[in-house]
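Those protein sequence lines, which keep their order, are chains A and B. Numbered by the working numbering, the letters in the first sequence go through residues 1 to 126 in order. Numbered by the working numbering, the letters in the second sequence go through residues 127 to 266 in order.
Because the hints were derived from the structure by calculation, they are not lab data. The structure displayed is predicted, hence computed values, not measured ones. C-beta atoms are modelled at their ideal positions from N, C-alpha and C, and glycine is treated no differently.
Each computed DSS-like pair below joins lysine-lysine, with the alpha-carbon atoms no more than 27 angstroms apart:
(1) A:Lys101 <-> A:Lys27
(2) A:Lys27 <-> B:Lys254
(3) B:Lys136 <-> A:Lys24
(4) A:Lys45 <-> A:Lys24
(5) A:Lys101 <-> B:Lys136
(6) B:Lys256 <-> A:Lys24
(7) B:Lys254 <-> A:Lys24
(8) A:Lys101 <-> B:Lys254
(9) A:Lys27 <-> A:Lys45
(10) B:Lys256 <-> B:Lys136
(11) B:Lys136 <-> A:Lys27
(12) A:Lys45 <-> B:Lys136
(13) A:Lys24 <-> A:Lys101
(14) B:Lys254 <-> B:Lys136
(15) B:Lys256 <-> A:Lys27
(16) B:Lys256 <-> A:Lys101
If you want a taste of the chain B side facing chain A, the calculated C-beta under 8 angstroms gives, among others:
(17) Ile200
(18) Ile201
(19) Ser216
(20) Gly238
(21) Ile242
(22) Ile251
(23) Lys256
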Amino acid sequence: MIRTVLYVLIAETWNTAGQLLFKKSAKTLPPVSGADWRTYGTFLKDLLRRPGILLGLMSMAVGLIFWLAALSQAALNVVFVLGSMQYILILIFSRLFLGEKIDGNRLLGTFFIALGIILVTLSSSR
Amino acid sequence: MSKTGNLTLKIFFAVFMNDLIDAIAQVLMKKGIVGEALISWNSHNLFSFVIQNAVSPLVIAGIILYSLNFFLWIIILTKIDLSLAVPLGSTTYALIPLSAVIFLHERISMTGIAGILCVVIGILILSKSKSAISPEVPAP
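Kindly produce the complete structure, drawing on both the sequences and the hints.
Printed below as a string of structure tokens:
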């Protein structure tokens, strides 16, 4: 069990690092909106030139290996429930590395969503 | 360059679509996987597994959807905070069972109902969260 928890923690840390790299890259991309398809084309070209995007994908690939390692040891629903530690990691890392303001609503809303997902996962496992 | 703003209904819809497309892509791939299951990993059967599945139309469709979805996710990240996007990106866990109950009249346990309620409350609270407008970040 300890080993499963550790694998999920490592997997989610790599995943969160990947998301941080995506967000860092997204911050430097010009915003797109509307129905002008050409802007999406330049956006895509811009995006693929950002090293953070590739690094983020690699980071998530490492996370996936640890996630599969966890799945090989424990039942799917157990791994999913443990996976909700991602929400805590995202809150901490977004605050530390992206300077996002975590107000009470964001903390409480994230808590409710994580709790809800745990309950739905548990209810579908029977 | 891009400013991160508050959650609007339009962005919520984009996040929900992103999550839904992810689920559809997974179902397509699951249905499209052909050949024998990979029970033991050796270079020979891994190679034939990849070759067999690389030509499966459903697997290809799944991979295309995944790629488009990744593009959509980065667009979402240019608009809202990461700490807002990630929890919202898992709401299909509740919204899919909820639609199964409403439209397909599936039975659901009390634990399931409680879970769905929690997720809906969580979304409503998150929509009240204020995003600090991040300072201009110079492009590298």
